[in-house]
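*Asks:* Letter by letter, the chains look like this.
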Amino acid sequence: MNPALICLHEGALRITHPIFNVAPIGTKAIYVWDDEYLRRANYSLKRLVFIYETLCDLPVDVVRGDTRTIVVAMTPSMLYVPATNNPSILSKFAGITPATPLNVVDDDVFAVMEKTTEARRFFQYWSKVEKSAFLHNGGAPA
Amino acid sequence: MQLLQKNFDNRESLTDFVAALAPWAAGGPSHIQGGRQSAEKMLARVDPVAYGRTRNFGDGKITGLSPYIHHGILSLNEVRNHALSRCGEPVQITKFLQELAWRDFWQRLLSAHPEWAWDDIEPYKTGFSACDYAGVLPADITDGNTGVACIDAFIKELIQTGYVHNHARMYLASYVVHFRRVKWQAGAQWFLHHLLDGDLASNNLSWQWVASTFSHKAYLFNLENVSKYFGGQVDTSPQTNQPLHASYETLQEQLFPNLSRSL
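Chains as they are written, first to last, in the numbering used here: chain A, 465 to 606; chain B, -8 to 254.
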């Protein structure tokens, strides 16, 4: 069985992201420089330089190509991906499952909501998270 | 599969390398550098108490952390924990924590409603319907040649640095949507192209807030407001900012005539 793989995206470029604790110790991490995705995103050069500078600071391999093609070719036993709400980023991983098992890992929580009902305006939301927002780690256990 | 290099002699060679990877990408690099080390330097400079008092001013103690937060180089949790360690009493940093919370709020909303990224959440409250707004940004806006001095200064900063003060972003958004009657979606796309912290949730939902498709009323500003908060940073003389030089009542009547008629 091939080892697991961490595939970072542009919204989770740090070594302290929980994904590095969730994945088995020593799991290889990559960032795919996906030309087609970046071209569609229509980022200016300054955005791309900022991302690349950040990648140079990280212990990840930067590989160029189509995300799905690269990941599938590596046939990892499990693919770990940081959670995101950006549909464009999500689309890069479309079609990878079920051939490759996928584990989407949430980032650290900023604040815990006291009630799960949706807050449509900010101060409705704030009234539900205020207590947690003032606490170290949002009040979560270390 | 091509493994890309990560070691460069200097920033210029890194920029040249990225430009060769993406020949379609316009412009040059920002003076704002990516990477964890840059993020930690910025974080060390944060004064969360002064931020609360001065954040709306062009020369206020803003943090510049948003590009690092957007890319996950810093987490909201980490920034909050750092701020808590830099104050006497947590209540002193309420405004700072609320600004972090705004980002968390936008993220939660987009996760629950992915379609809100580009669809109007509510109708415009301007007396106009969506079809009354242009779908494309005029070239004078994208080029920073509107003839409104403070707006052009903010646009040039956006193009050159990929970072604009949050208050100035609201001016720009309001100018695009309400003074020029362009759909907020066109402006949001423009910001996402340039902003180093261009985040689908924070950016697009903030544009909807200014446009009034996700708020009770449209966000308007005038020259007096720009002068109060950015008078030391940009040209705010009436002669070079004519369209903005009016009272809120006058602007409301000029920009939203259908609302006046319906009263």
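These aren't lab readings, by the way, just hints derived from the structure by calculation. All figures in this text were calculated on a predicted structure; none of them were measured in a lab. Incorrect hints may appear among the rest.
[To be verified] Distance condition first, Cα-Cα at most 27 Å in a straight line; then the derived DSS-like pairs of lysine-lysine:
| hint | chain 1 | residue 1 | chain 2 | residue 2 |
| --- | --- | --- | --- | --- |
| 1 | B | K208 | A | K592 |
| 2 | B | K219 | B | K52 |
| 3 | B | K86 | A | K592 |
| 4 | B | K(-3) | A | K492 |
| 5 | B | K52 | B | K(-3) |
| 6 | B | K116 | B | K32 |
| 7 | A | K579 | B | K219 |
| 8 | B | K86 | B | K32 |
| 9 | B | K32 | B | K147 |
| 10 | B | K52 | A | K595 |
| 11 | B | K52 | B | K147 |
| 12 | B | K86 | A | K595 |
*Asks:* None of the hints should be skipped; say for each whether it holds.
*Replies:* Against the structure, the hints come out as follows:
With a C-alpha separation of about 24 Å, the suggested pairing of K208 (chain B) with K592 (chain A) holds against the 27 Å cut-off. Between the alpha carbons of K219 (chain B) and K52 (chain B) the distance comes to roughly 16 Å, so the proposed pair stays at or under 27 Å and holds. Pair hint K86 (chain B) plus K592 (chain A) holds up; C-alpha atoms about 16 Å apart against a cutoff of 27 Å. Straight-line distance between C-alpha atoms of K(-3) (chain B) and K492 (chain A) comes to about 16 Å, which keeps the hinted pair within the 27 Å bound.
Proximity of K52 (chain B) to K(-3) (chain B) is assessed by CA-CA distance (about 34 Å); at most 27 Å being required, the pair is judged violated. The suggested pairing of K116 (chain B) with K32 (chain B) is violated, with an alpha-carbon distance near 43 Å, which exceeds 27 Å. A C-alpha spacing of about 40 Å is found between K579 (chain A) and K219 (chain B), which places the hinted pair above 27 Å, so the restraint is violated. For the suggested pair K86 (chain B) and K32 (chain B), the alpha carbons sit about 22 Å apart, so the restraint of at most 27 Å is met.
Under the criterion of a C-alpha separation no larger than 27 Å, the hint pairing K32 (chain B) with K147 (chain B) is consistent with the structure, at around 26 Å. Between K52 (chain B) and K595 (chain A), the direct Cα distance comes to roughly 25 Å. Compliance with the 27 Å bound is thereby established for this hinted pair. The suggested pairing of K52 (chain B) with K147 (chain B) holds, with an alpha-carbon distance near 22 Å, which does not exceed 27 Å. The hinted pair formed by K86 (chain B) and K595 (chain A) meets the criterion: a straight-line CA distance of about 14 Å does not exceed 27 Å.
Violated hints for the displayed structure, listed by number in ascending order: 5, 6, 7.
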